[in-house]
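Taken in order, these protein sequences are the chains called D and C. For the numbering used here, count along the first sequence from 1 and bump the result up by 14. For the numbering used here, count along the second sequence from 1 and bump the result up by 14.
Think of the hints as simulated: they come from the structure by calculation, not from any bench. Note that the coordinates shown come from a computational prediction; the quantities given were computed from them, not determined experimentally. Mixed in with the good hints there might be a few duds.
Copies of one chain are not kept apart here, so a pair can be met inside one copy or by any two copies together.
Stated by the list, open to error - Subject to a maximum C-alpha distance of 30 Å in a straight line, what follows is the list of computed DSS-like cross-link-like pairs (lysine-lysine):
| hint | residue 1 | residue 2 |
| --- | --- | --- |
| 1 | Lys-110 | Lys-18 |
| 2 | Lys-52 | Lys-18 |
| 3 | Lys-110 | Lys-52 |
| 4 | Lys-123 | Lys-247 |
| 5 | Lys-52 | Lys-17 |
| 6 | Lys-18 | Lys-123 |
| 7 | Lys-110 | Lys-123 |
Number of protein chains: 2
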Amino acid sequence: MTKKPTIDDVAARAGVARTTVSRVLNNGPNVRDEVRDKVRTAVAELGYQVNAQARHLASGSSRQIALIHATDTEAEPNSYYHSGLELGALRACAEKGYTLVTHTANPVKEEDDRRIIDLARGGQYDGLILTPPYSDRLDLVRAIIGHGCPLVCVSAGPESQQLAPWVGIDDRAAGEALGTLLTELGHRHFAYIDGIEGHISAGMRLQGFTDALEKTGLDSTAIRVVRGNFTFKSGVELAADILGVQDRPTALVCANDDMAAGALLTAHTLGLQIPADISITGFDDTPVSEIVWPPLTTVHQPIRQLGARAVEQLVGGIQSAGEPRASVDSYVAFWVVERLSTAANRNS
Amino acid sequence: MTKKPTIDDVAARAGVARTTVSRVLNNGPNVRDEVRDKVRTAVAELGYQVNAQARHLASGSSRQIALIHATDTEAEPNSYYHSGLELGALRACAEKGYTLVTHTANPVKEEDDRRIIDLARGGQYDGLILTPPYSDRLDLVRAIIGHGCPLVCVSAGPESQQLAPWVGIDDRAAGEALGTLLTELGHRHFAYIDGIEGHISAGMRLQGFTDALEKTGLDSTAIRVVRGNFTFKSGVELAADILGVQDRPTALVCANDDMAAGALLTAHTLGLQIPADISITGFDDTPVSEIVWPPLTTVHQPIRQLGARAVEQLVGGIQSAGEPRASVDSYVAFWVVERLSTAANRNS
DNA sequence: ATCAGAATTGGGAGCGCTTCCAATTTTTGA
DNA sequence: TCAAAAATTGGAAGCGCTCCCAATTCTGAT
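Build the full structure now, drawing on both the sequences and the hints.
Here it is in structure tokens:
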């Protein structure tokens with residue numbers, strides 16, 4: 015294997031200066047078409063590829079973006095959520111000429127917060143994308159911004175939204191839509207399986223949901239809220255507690271699909287008919303909601319689009335640093351998907 | 015924000031030469047403990063971080079590994095498989111001081127094969143990890159190796175295994191184990207939903223399965239094989255075809271869990287009792303197999319471990335280039351997990 | 001023709017690090 | 001005690017690219 019050609023080899027072959035080749039490579043202005051072609055030909059003939067490392071060093075920017083995922087040690091929570099987000103981001107990056115690098119961090123380890131900050135400080139990345147619950151860690155967000163590192167928060171709560179660019183759905187409105195649906199179906203007695211603490215957008219869903227109940231004249235006694243951790247397992251366990259009582263609710267709302275799937279399993283185990291005995295809803299509309307039986311009524315969240323939008327937002331900010339950035343919409347549309355896991359309250 | 019400190023700042027502060035700092039940073043030999051401490055102190059005081067770009071340029075290696083995932087345009091096949099593999103690889107990379115970069119490619123686009131080769135040629139990555147079906151594209155594998163780029167194939171077929179280091183389970187044996195289980199349960203009439211063409215390891219599973227049938231004296235007329243594409247949807251559709259006939263099989267074997275989940279849905283829709291009317295099995299033991307009802311009998315494939323092992327294999331090869339590499343086991347253990355989707359053939 | 005101004009090219013200084021090699025100091029062995 | 005070997009340091013040359021700035025060539029309006 016002979017040595018890789020460098021920009022100087024291309025320059026020599028094309029009979030121009032290195033600077034000119036660089037211009038062509040970067041689509042710079044002020045190069046005659048004739049010269050441009052000559053250089054392009056030389057590039058093709060030599061099979062030249064720019065050395066990304068050298069380019070990064072010289073230009074000071076790496077065209078790499080880091081995506082921070084939260085993963086607990088052993089749980090594999092929300093795999094569809096993570097991979098959907100990543101896939102969307104990956105494609106958007108490819109389109110924009112950036113490379114996406116995924117990093118995982120454990121939200122319960124404090125040292126990992128430090129690691130994320132180091133990522134921002136390191137200058138290795140042109141920007142960071144933070145997912146929940148990191149996108150709601152205000153100190154973290156401030157620290158990253160303080161180091162001058164471009165940042166976009168995915169599904170962040172209102173406070174984070176004040177600090178940094180963000181993308182997400184209107185979680186409150188989504189929760190409200192779900193609440194409206196269920197109250198219109200005649201339900202008056204609910205349970206809600208929330209997500210982990212510090213996941214503000216999940217909290218907003220609950221907020222919106224109770225808002226809807228209040229509009230129907232219900233108060234907080236109409237709903238029992240318990241805290242899960244977004245995993246299937248926690249859905250299984252918490253549902254056992256919720257559905258095993260005498261006076262069980264007629265509708266169980268879960269902060270994501272995985273927990274709803276777990277609740278479904280428990281309901282089956284208890285011999286309950288769904289949706290006749292209990293309506294169950296999820297959130298996200300990941301493939302899980304169609305895999306289970308009966309398929310879940312849920313809120314469709316365009317996760318891939320969220321990932322793509324985050325990248326666009328970030329790249330937009332990077333490229334127009336200082337200037338009036340072309341504003342990308344932060345809100346992405348959601349909608350309720352009615353499937354077979356919900357029905358009218360037969361007691362109403 | 016003041017400028018980032020460089021290695022020269024550290025050297026100046028510690029009162030040594032840049033070379034010495036470099037040695038300390040890279041845990042090189044021949045530095046007195048006293049000096050080492052002095053340098054470490056200076057690093058800490060300045061909050062110095064090495065500039066990865068510069069290091070890469072100077073050292074010629076990036077300590078970055080690329081993981082190639084196959085993703086069809088719109089399908090989100092095997093999300094759990096991909097993210098499990100990635101998570102395992104990610105953690106192993108972090109441990110080894112490498113960075114993992116995921117790239118997606120569309121197996122039906124020929125230009126994407128070219129892109130993968132360019133990744134290998136580019137010298138940007140110290141090595142590549144190929145997943146199916148790319149790990150079975152012999153031309154691709156040869157091209158990558160030909161460019162001198164270290165490579166590990168995940169779940170590759172026998173031919174690829176001849177060409178490059180690999181990790182995977184013994185798919186043939188796994189298929190055989192499943193076949194043995196089902197024949198012992200008295201089943202004699204099977205259907206098999208295979209994976210996409212060119213996914214050799216899925217083919218090996220079928221091979222092993224039929225081997226088991228043969229040992230029971232059954233021949234190829236005992237099994238009907240159809241080709242799916244690993245998605246839930248294809249499971250739904252193909253199962254309709256398989257289960258809708260008069261003389262339907264008593265056991266349906268699927269090349270992955272997603273398709274089995276789809277088959278399960280179709281079976282429900284057709285009003286079949288599972289496992290009384292039909293036994294259904296998956297493959298991989300992704301979370302899907304516990305989410306569906308009834309939970310799937312399947313083959314547990316330690317996917318995260320596979321990802322981690324791939325990285326270890328690759329890094330081992332990179333670091334001991336030329337030398338007798340510390341051989342990492344290519345085979346990872348699998349085992350059959352019996353859940354509720356299978357039962358004895360009641361007609362037997 | 002003539003010349004200001006724009007467009008196009010090239011020269012060369014780094015970007016921050018690793019690494020070869022030479023210089024210096026310390027250790028070892030008779 | 002002293003030379004030879006080993007351990008420790010430093011000097012300096014790049015790695016391959018971008019980008020500032022100066023040099024050159026080309027416009028078009030006088």
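Hint-by-hint comparison with the structure:
1. Taking the shortest Cα distances, Lys-110 and Lys-18 sit within 30 Å of each other both inside one copy (26 Å) and across copies (27 Å).
2. In this assembly of identical chains, the alpha carbons of Lys-52 and Lys-18 lie at most 30 Å apart only when taken from the same copy (20 Å versus 40 Å across copies).
3. When the C-alpha separation of Lys-110 and Lys-52 is checked against a cutoff of 30 Å, the pair qualifies only within one copy, where the shortest distance is 26 Å, while the shortest distance between copies is 44 Å.
4. In the homo-oligomer, the alpha carbons of Lys-123 and Lys-247 lie at most 30 Å apart inside one protomer (22 Å), although the nearest pairing across protomers, at 39 Å, exceeds that limit.
5. In this assembly of identical chains, Lys-52 and Lys-17 lie within 30 Å of each other by CA distance solely inside one copy; the values are 22 Å within and 40 Å between copies.
6. Taking the shortest alpha-carbon separations for Lys-18 and Lys-123, only the inter-copy value of 27 Å comes in at or below 30 Å, while the best intra-copy value is 43 Å.
7. In this homomeric assembly, Lys-110 and Lys-123 come within 30 Å of each other (Cα to Cα) only across copies, at 20 Å, whereas the closest approach inside a single copy is 33 Å.
Of the hints listed earlier, there is not a single one the structure fails to meet.
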